[in-house]
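> Read top to bottom, the protein sequences are chains A and B.
Using my numbering, the first residue of the first sequence is number 1, and each one after it goes up by one.
Using my numbering, the first residue of the second sequence is number 1, and each one after it goes up by one.
It cannot be assumed that every hint is accurate.
[What the hints assert, rightly or not] Calculated cross-link-like contacts (lysine-lysine; reagent style DSSO-like; alpha-carbon spacing at most 27 Å):
#, chain 1, residue 1, chain 2, residue 2
1, A, LYS411, B, LYS241
2, B, LYS438, B, LYS386
3, A, LYS411, B, LYS240
4, B, LYS240, B, LYS286
Since the hints were derived computationally from the structure, they do not count as laboratory data.
Now for the letters of each chain:
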Amino acid sequence: MARANAEQQQQPATGMTLIVLVGLAIAFLLFMAFLNVVKSGNLLNENNLLFATLIFYAGAGALYLGFGVTGTPSYLKFASLSTWAGLLANTGAIAHRWYESGHAPFSSVYEMLLSFVWTLAVLTLIAEKKYGVKVIGTVTMPVAIVGVVLMQLLRTEVHPLVPALQSTWLHVHVTLAMLAYAACALSFALAMMFLIQDNLRTDTVLAVTSGSTLAIYAGIVLTRFEKGGALNLVAWNPEVKSEVFLSKGVRLFVTVPDLGWLMALTLLVVASPLFFYAWARWKNNDSFLAIANRAVFLSILLQVMTLVMFIVRARDGRYPSLDAEGLFPTSLAASPFILSGLVGGVFISLLYLLLLWRRSDLQRALPTADVLDRITYKTICLAFPLLTLMIASGAYWANQTWGSYWSWDPKETWAAITWLVYAGYLHMRITRGWRGRPAAYFAIFGFVVVMFTFFGVTYLLPGLHAYA
Amino acid sequence: MALDLRAVGHKTWRTIASIQTGVVLLILVVILAAAGTVVLQRPATEPDEMQAAYSPQALHILDALGLTNVFHAWWFLGLLALVSLCIVAASIDRFPNAWRYFSRPYKYPDPTFRRALHPQQSLPIPDEESGLVAAERALHGMGFKPERVIPKDARENHFGIFAERHRISELAVYIVHASLLLIFLGTIIDGVWGWRGYLSLNEGQTSNVVDTRDGSTRTLPFSLRCDAAGQENYQDGSPKKWWSKLAVVAGGRDVLTKEIVVNDPLLYDGVRFYQSSYGSNGKVDKLSLVATPSNGTGAKQTIGMTVNETVQLDADTTVRFAEFLPDYAVRDGQVYKKSNYLENPAAHLVVTSKKAGQDFDVWFPPMADVADNSKAPYQFEATDLKLGHFTGLQVSHEPGQWGVWSGVVLMFIGLAFVFYVIHMRFWAVPVRDPQTGKCSLWIGGSANRNRDAFEQRFNQLVTSVETELKAAPTRSSGVRVATGVAS
C-alpha cells in the first residue's frame, strides 16, 4: 500500500522531468537561435520564425508523446502551450511570407506546406479542446514536424505569380484544399487511434509498420541502387537552387558510393520483423514474435544510422555521374522523398515501439472506441464538403484560365479519385451501416490517396499543376 | 423453358440499382482513371515523346488497350454513362420509400416501435391529459411545433404528441444525386456539341478560322480582330500580365470590344476567347532611323519604315528596308537566318543612289565582313525597333456549362442538408398500466444522423417535461383525455 502510494506520488515527479527536459531543450535551441539573431541583427525574418515553429512543434510532439505514454495530465497542458507557441510562430512565418510576396502563400509546394502545417496545428487544438481527443498530437505533431523539416529543404525564393495564378479563385481553391487535406489527416489519425482502442492486435500493427518501412526501403533500393553498392541521387545546382536536368524532364543522377549497400542492409534488417511475424503466424508460435520485436529495435538503430549516413553523404559533396563527365554536387533538397521516407520509417517504427511498451497506458488516455469512431466520421463529414468545394472552385478557376473546367489532368483526376473514395466511405457508412474496423481502414486508405494526390502527383506525374 | 421477360427485366433492374454494382463500377472508374494518369496520354503528349518513353511493343500494347487515351475512349465514357444509369436506378429504386417516409410522417408509434426505439424514457404522470400538456409545453419551449395525434377510430386509444423538424433532410441525398446527374448532363452536352480550339492573331489581323483540337478548322459566323497585345513583366523579367485588345466583327462592324487578360475571357455568341500565350511573330512593325548625309551637307532626317518600304531621302537617293532577320549568323561574308526566334536580330537596308548608279548595302548591326556601312551616301543610326506581336487565344464553346455550374450549386445545397440538417422526431404517448392502473408518459425520439448530439437534446426534453409536470397543478384523474382536445 505504501509502495503504491509512493509510486502515485512519484508519477508527477517523473512528469516534471520530461517537461523540464523539453523546456530546457526549447530554451537551449531558442538561445542558439538568439545568438544567431544577434549575429545577423534581424529578429523577425522567415527563417527564424520557421525555426521557432520547428522548435515549439518538436517540443509539443515530445510532450504529447510523453502524455500518450504516461497519461500525466500536466504534459498535455504544456504540450498545448507549446503547440500554441508554435502556431504563433507559424502564423508569423505565413504573414511574413505573404507580406514579402504580396500574395497568399499557396503558390509553391513550400508555401502550401506552410499552410498545411498551420491548418493541422489548428485542427489539433480544436480536436483537443472541443472533442477531448487529447493524444491526437502524438500523431499530428510529428507530421507537422516532418512538414516543417521538408520546408527547410524546399525553401524557395519568393517568386512572383505567373499570370495564370493571379486569381482570387486560386486562393479559394488552395485554402479549401489545405483545409480538406488537414481534415483528412485528422480523420486518419483518429482512425489509427480507433484501431488501437478497438484492440487491434499488437502483432498486426507490427506486420503493418514493418511492411510500411519495408516498402519504403524496397522503393529506394529498387529504384536507386547502382552496381558496386552506390546509390543514385539527383544532382543539384546550388546556384539556381534546382535539380540538374539533362534534357526536358530527364534529371541527372550522381552515384554516391557505399550508400547503396547500407540501404540494402537496412532493407534486410527492416524485412526481418515481418519475416519473424510470418514465421510466428505459420508455426503458430508466439515466441518468434519476441524475436520480431527485438528485430524492430535493431532495425530502428540501423535506420537511424542510415538516416545519419544519408544526411552526411547527401548534404553536400561532389560525386561522379554515369551519364555525364565530371563531378556534380547534390543536396538534401534534391531528394525530399528519400529523406521523408527515411524519417517516416524511423517514426513509424518508433510508434510501434510506443504501442508495444505502453499500450495499456495509451488506451487509458484515449477516448472510447465508439467515440473515436464517431469523431472519425464527423471529420470526414467535414472533409467531404471541403473536397467538393475544392474541386468545384478549381474547376471554375480552370474554366476562367484555360477555357475548360475539366481536362483530366493528373491532379484533377486524383482529386476526383479522392472524392470518390470518401464518397464510397460515406455510402458504406450511411447505407450499409459500416462502423468500426472497416470504416477505420477505409479512412486510412482515403488519407493514403490524399497524400498521393498532394505529393505523389506533383512529383511523379506530369500535368498542368506543375507549379503547385 | 420459357424465358420470363418480366423476371429478366426485374433481375436486371435489381442488379443495376444495387449498391454493389455501383461500388464495382466506381472501383473500375477509379482504377482506369488512375491508369490514365500514370500512362502518358495521346493528344497531350507528342508522338515522338511517346516513342521515347515506351518501347515499340509496350506502346503497341498500350495503344491496343486504349490506355494511351483513356479519358476520351468510348469504353471510359460508356463506364461513366453506366455509373449515371446506376445512380438513376438506385435513386428511383429507393425514392418511393423515402417519399413515403417524407410525405406520410409516422405520427403515432405502435407498441413494437415503442419497445425498440432508442432513446426513450417513461415518466410517471397523474393522468393522460396533464402528461400530454407537459410534453406539448416542453416541446414548445424547445422551439418545436407539437401536434396532437387523435385516433381516427373511436374504439382506438391512440392519443399522443408528435413533433418533428427538418423532414426535408430525408430527401437530401436525392438532391446530391440529382446534382451529380446535372453535372454529367452538362459535360455530355459539352462533349457532343462543344468544341475547343486555338486562334493566333497578329496585331491588326482579323480572322474567323479556329484550329480545333481534333486537327481540323472551324469557321466562326463572326470575325475577331486583335487591335493590340502586350506583356508586362516583373522586375526579375518573369511575365506578370498578358493582355490583348480584341474586337468582334460581325456584319461589317465592330459589335463588341474588350481587353482580355489571363483569367478574364471574352464571350460572344457562346464562344469564349482566352488569353493563352503572347509573343513576337518575328516581323517588324516599325524601324526608326536617323539618317545623316555622309558628305556632311544637308540636314538629319528621322524616318520610320517597315519591311519592303522605300523612303525618299533626297532628290536622287532612296532607302529600302530589304529584310529583317530575327536571329542571324554570318558565314563566309554571307548573312543567314538561323531561326525564327527573336534572339539576335539584324536589319538590312539598301540605299540606292541614282547619281552614283549604285546600290549600297547597310546592315544593322554593322558587319564588317558583309558590307561597309560607311560607303553609303547616308549614315544611319537605328533609334528604335518595334516588333510585331501575336496573341495566342484558346477558343472554346461549351453549351453545357449551365448544367455543370447549377449542378455544383445544387450539390452544395444537397451536401449541406445531408451533413448538417438533421431530421429529428419526438413522440410522447400516455400509457396506462392495465394491472395497477398507474399512468406514465412514454417519450421517444429519433434522428437520422448525429445521434450522440441528439441524445443530449432528448435528455434536455425529458428534463423539461419533468419540470413542466412538477409545475402543473394536478388534475383530477376522473377527466379523460377524450374530451375534444386541441392545442
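> Look at each hint and say if it fits the structure.
How the hints compare with the structure:
no., hint, verdict
1, A/LYS411 <-> B/LYS241, "holds (25 Å)"
2, B/LYS438 <-> B/LYS386, "violated (102 Å)"
3, A/LYS411 <-> B/LYS240, "holds (25 Å)"
4, B/LYS240 <-> B/LYS286, "holds (25 Å)"
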